[in-house]
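S.K.: Whenever a hint applies, use it, and build me the whole structure from the sequences.
From first to last, the protein sequence lines stand for chains P and A. The opening residue of the first sequence carries number 1 in the working numbering; numbering runs sequentially from there. The opening residue of the second sequence carries number 1001 in the working numbering; numbering runs sequentially from there.
In short, the hints are calculated from the structure, not lab data. Beta carbons are placed, not taken as given, at the ideal position from N, Cα and C, and that holds for glycine. There may be inaccurate statements among the hints.
[Claimed, not checked] Derived pair list, reagent style DSSO-like, types lysine-lysine, alpha-carbon separation capped at 30 Å:
{"#": "1", "chain 1": "P", "residue 1": "445", "chain 2": "A", "residue 2": "1445"}
{"#": "2", "chain 1": "A", "residue 1": "1478", "chain 2": "P", "residue 2": "438"}
{"#": "3", "chain 1": "P", "residue 1": "374", "chain 2": "P", "residue 2": "417"}
{"#": "4", "chain 1": "A", "residue 1": "1385", "chain 2": "P", "residue 2": "409"}
{"#": "5", "chain 1": "P", "residue 1": "200", "chain 2": "P", "residue 2": "385"}
{"#": "6", "chain 1": "P", "residue 1": "200", "chain 2": "A", "residue 2": "1418"}
{"#": "7", "chain 1": "A", "residue 1": "1418", "chain 2": "A", "residue 2": "1445"}
{"#": "8", "chain 1": "A", "residue 1": "1418", "chain 2": "P", "residue 2": "205"}
{"#": "9", "chain 1": "A", "residue 1": "1200", "chain 2": "P", "residue 2": "205"}
{"#": "10", "chain 1": "A", "residue 1": "1200", "chain 2": "P", "residue 2": "438"}
[Said to hold, decoys possible] Simulated restraints, written as ranges between beta carbons of each label pair:
{"#": "11", "chain 1": "P", "residue 1": "458", "chain 2": "A", "residue 2": "1300", "range": "53 to 59 Å"}
{"#": "12", "chain 1": "P", "residue 1": "106", "chain 2": "A", "residue 2": "1233", "range": "43 to 49 Å"}
{"#": "13", "chain 1": "A", "residue 1": "1247", "chain 2": "P", "residue 2": "80", "range": "21 to 27 Å"}
{"#": "14", "chain 1": "A", "residue 1": "1237", "chain 2": "P", "residue 2": "106", "range": "48 to 54 Å"}
{"#": "15", "chain 1": "A", "residue 1": "1057", "chain 2": "P", "residue 2": "302", "range": "35 to 41 Å"}
{"#": "16", "chain 1": "P", "residue 1": "302", "chain 2": "A", "residue 2": "1204", "range": "46 to 52 Å"}
{"#": "17", "chain 1": "P", "residue 1": "302", "chain 2": "A", "residue 2": "1052", "range": "47 to 53 Å"}
{"#": "18", "chain 1": "P", "residue 1": "462", "chain 2": "A", "residue 2": "1450", "range": "55 to 61 Å"}
What follows is each chain in one-letter form.
There are 2 protein chains.
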Amino acid sequence: MIGWRDFCIAFVMPLCITAYIVNPGPVVKATKGQVWPIPEKQDTTTNFLIINPTHFEFQTNVPQCSLLTNALNRYWNIINNHGVGNVRQSQYNEREITEIDGYSGKLSSIKVYLKTNCTGDEVPSDTMDESYEIDLMGVPSTLIAPTIWGAIRGLETISQLIYYAEDGSTLILNTTKISDKPRFPFRGLLVDTSRHFIPKDILLKNLDAMAYNKLNVFHWHLTDDHSFPYQSIKFPELSQYGAYHPSALIYTQQDVKDIIEYARQRGIRVMTEFDTPGHTRSWGEGVSDILTPCYENNAPTGMYGPLDPSADNVYTFIKEFFEEIISVFPENYVHLGGDEVGFECWESNPKITQFMKDNNMVSYVALESYYIQKLLDIVHDLGGKSLVWEEVFVNGVELPNKTIVHVWKGDGYTVLKKAIAAGKPALLSSCWYLDYLKTGGDWDKFYECDPHNVNATEEELELILGGEACMWSESVNKYNFMSRVWPRASAAAEKLWSRKDAATYSEAAQRLEEHTCRMNARGIEAQPPNGPGYCL
Amino acid sequence: MIGWRDFCIAFVMPLCITAYIVNPGPVVKATKGQVWPIPEKQDTTTNFLIINPTHFEFQTNVPQCSLLTNALNRYWNIINNHGVGNVRQSQYNEREITEIDGYSGKLSSIKVYLKTNCTGDEVPSDTMDESYEIDLMGVPSTLIAPTIWGAIRGLETISQLIYYAEDGSTLILNTTKISDKPRFPFRGLLVDTSRHFIPKDILLKNLDAMAYNKLNVFHWHLTDDHSFPYQSIKFPELSQYGAYHPSALIYTQQDVKDIIEYARQRGIRVMTEFDTPGHTRSWGEGVSDILTPCYENNAPTGMYGPLDPSADNVYTFIKEFFEEIISVFPENYVHLGGDEVGFECWESNPKITQFMKDNNMVSYVALESYYIQKLLDIVHDLGGKSLVWEEVFVNGVELPNKTIVHVWKGDGYTVLKKAIAAGKPALLSSCWYLDYLKTGGDWDKFYECDPHNVNATEEELELILGGEACMWSESVNKYNFMSRVWPRASAAAEKLWSRKDAATYSEAAQRLEEHTCRMNARGIEAQPPNGPGYCL
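M.R.: Set out below in structure tokens:
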């Protein structure tokens, strides 16, 4: 069996003192009523308030704002249906909670104030204000936020402060003041729906989990070589022939609308990626003459490479396609990919060779840059803002202002530094690849990563917008998706929200134990973060 | 993102030809109607029969045998409810199936003959005969088996031969003759229900999955340091105080009965392990004075070590406890553990030191052996047969005839060879630790393992009874248990059933792609085996 010594080394070394001599029960004891990710400023006392869900309500100054009333309903349900707090205790006691030292009354309402108006039609964006302040010291208790987005984040925090008292059934919270805002404006989770199709209901549940972790960008890597599951309005043949299945394994326009709206309700942006010119093999199933035919001995092999940068029809197609994407998705930014372009096929193709000669191109990097430059111009002419994978920047393509460089290779810090030194906004993902596995668990490794682990000026650091955890789906399907993402992505979520070094690993381990049980209680199939343990 | 080059290296190297130039669709194409694990002898033609589930029945010569009629019902349901064959095709055609070359008629019944009587009360054991013969060449089609257990295995095989024709909706099977039996009599899966509690419904579903892979021993590692979820009749305090929760996270006697019966219906033995003298920390919560108190500076530290071999009451307790276990579980064999005994606590304890002096024991290995010897005697006096982890054999404890040595450390082959050379029956698990993870997938590694990879005489090889895949549960809870076990344990299942080198890795990959989809279709939450792909 897994030796305790091995287990300690692989997994929870800081928590192991003497090999083989262990205590019964969970290896990491969960906290109670502590918040993930940790707020910027929090004062909590040992005094506590009781919440009786059936005699508890939220009040607000903007009752007309459906975004807020929907959020209040969600969190009232979470509180009322035991989706809060820590695991219930196994040892019950008969003491009346109200006779315990520190009892400070019953909390029957929290007033939620927005400082600006809210119509309910707001759309989350890169400039949204997610700050909020909570005063839960007694009556009246308040949540105050400049915008609806901060209010939504604050409600999540309130729901996490509530936990079961020792009697195992009474909900309480310690009197608390919090002033909170995110360290980074861009806190994303990439989901690849091409290598395996991830059904809509799982994507929706995943948006819930993102909200429970205060992540705010769903980076939807919709297509790739293996399948094209997006049902386009203008080019339905893309999914008709490029999806794994033309009806069972696609996202219809209604699916896309539902996902965008579900995300909007939770203050989450839905940013799509249509990765070109590589990673497009499935595109060629529905639309002919856009991929580069590969050659051997002066004859096509039947294999295809990246988009053909020498073909005018490619740019016509790209323009029409992104016109649709920009109109379907309210998000301002679209991820244009640009990673891992293989040159083998271009090299083999006589038409490409001739095109390069005609245009005095001396390298395939130049050819790639030629394509990307045209792509960027097209998308920006359509009014879209863009992100690109780091290769595009490294290859020296001239990027429009504000195009974001998405760093994913190696440890990330070197290219991250180069990008911000060149005045480019940047995101870090290198250290948060959820498809990388390690025996025993690896959130500790994810928790060591920090986008601010670079030597840079204040001005440069401002250009680091945040980062993304990435769930590439080669080895995940609908059955293991949620448990592989959660709570591992929670580590990235805290690093992106909370101030640098806000918590030590061993403190975070206890809090993550609670947070995992909390997610489980809310229907998120998170796996164990810390070894032996349980949730009720 | 995960580079295709990296992915090839980490994952499916034999399947990658040129980096970046990939085909759309699944990276490994699934077979159709092929059997996992591969039968000993199989002749299949390109002719095919149609099965219309609503006009199909099993017939049998032992209609009074409830084990068989239950199995026939299960498999009829599987066939009728699309739990068979390959993924449905995305491209439909209108051709009449009966006009295709090779059409050989409709299969309206299969006759299932047992060569021996069956009352329905049979219990699977280490000596059961699982062989069977199938003749599906036309009418009449037959499954003939010496015993009910072979019939159950044969029904599984038949269900796997059936697949969807090109029209995506007609069930067909190629005309086939099979003569099959397992290479090893002991083909197990260990499930640790102590580090995390795995609910009964998941254990039952896991038994289904075991049957779909022809595994025949559920090794139930019921207790360990962290929790004691077995609700004992004689010692209810063990789970009352030693379980993670005294009612929500235990297995009642009824649960145990249900699990044993569910397994029996599928020809699966339920072999328990109550690991002593180490891995018993949770036992001490309910029963006092059985663990060794650890000392520091001549005073107890409050920590506890293994069972106290110097205490008479330990043996009284052990005798009473195993008396219950042997009466509750019909299985002849009980796994007695004996692994990873830490000596720190014994070394520190003055009573132990005195006891060793009084009994002229010069090493802690001798003390451990003293305990194990008494334990073995107790269990064998009670009529139980035993397995022990390899340490017991390596430490030189005199093992009763037929006590099985369970090899789990290192690569396993060295100790396996030593055990059989010493005339001891043995099992291999070292190479099938499902808690060990690797990016991308690792069934290839599990598929390289083979208990017959040792230099030994025929007589010695006879002593290798088989092996077990092990799901230690430090990092699995009810949410990721099934997807972590399946289809990774399928690799071990094939190595244990099929003849040595029955299939190459790349052939097996295609068959495992189908088998995974088949398990998914039957409700088993198996994860992807081979990278990008899909099931319908």
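S.K.: Does each hint fit the structure? Answer for all of them.
M.R.: Status of each hint after checking the structure:
Our distance criterion of 30 Å between C-alpha atoms is met by residue 445(P) and residue 1445(A), whose separation comes to about 25 Å. Taken as a hint, the residue 1478(A) and residue 438(P) pair is honoured in the structure, with Cα atoms around 20 Å apart against an allowance of 30 Å. For the hint linking residue 374(P) to residue 417(P), the alpha-carbon distance of about 26 Å falls within 30 Å, and the restraint holds. Between residue 1385(A) and residue 409(P) the CA atoms are separated by roughly 56 Å; this puts the pair beyond 30 Å, and the hint is violated.
About 26 Å separates the Cα atoms of residue 200(P) and residue 385(P), which keeps this hinted pair within 30 Å; it holds. For the hint pairing residue 200(P) with residue 1418(A), the CA-to-CA distance comes to about 54 Å; that exceeds 30 Å, so the pair is violated. Simply put, residue 1418(A) and residue 1445(A) have alpha-carbon atoms about 24 Å apart, close enough for the 30 Å limit, and the pair holds. With a C-alpha separation of about 52 Å, the suggested pair residue 1418(A) and residue 205(P) falls outside the 30 Å cut-off, and the hint is violated.
Using a Cα cut-off of 30 Å, the hinted pair residue 1200(A) and residue 205(P) holds, with the two alpha carbons roughly 25 Å apart. The hinted pair formed by residue 1200(A) and residue 438(P) meets the criterion: a straight-line CA distance of about 28 Å does not exceed 30 Å. The hinted window of 53 to 59 Å between residue 458(P) and residue 1300(A) holds, with their beta carbons roughly 57 Å apart. The hinted range of 43 to 49 Å is satisfied by residue 106(P) and residue 1233(A), whose Cβ atoms lie roughly 45 Å apart.
Separated by about 24 Å at the C-beta atoms, residue 1247(A) and residue 80(P) satisfy the suggested range of 21 to 27 Å. Look at residue 1237(A) against residue 106(P): about 38 Å separates their beta carbons, and that is not inside 48 to 54 Å. The supplied range of 35 to 41 Å is broken by residue 1057(A) and residue 302(P), whose beta-carbon atoms lie about 47 Å from each other. The hinted window of 46 to 52 Å between residue 302(P) and residue 1204(A) holds, with their beta carbons roughly 49 Å apart.
At about 39 Å, the beta-carbon gap between residue 302(P) and residue 1052(A) misses the expected band of 47 to 53 Å. Evaluation of the 55 to 61 Å hint for residue 462(P) and residue 1450(A) yields a pass: the beta carbon distance comes to about 59 Å.
Against the hints set out earlier in the document, violations occur for numbers 4, 6, 8, 14, 15, 17.
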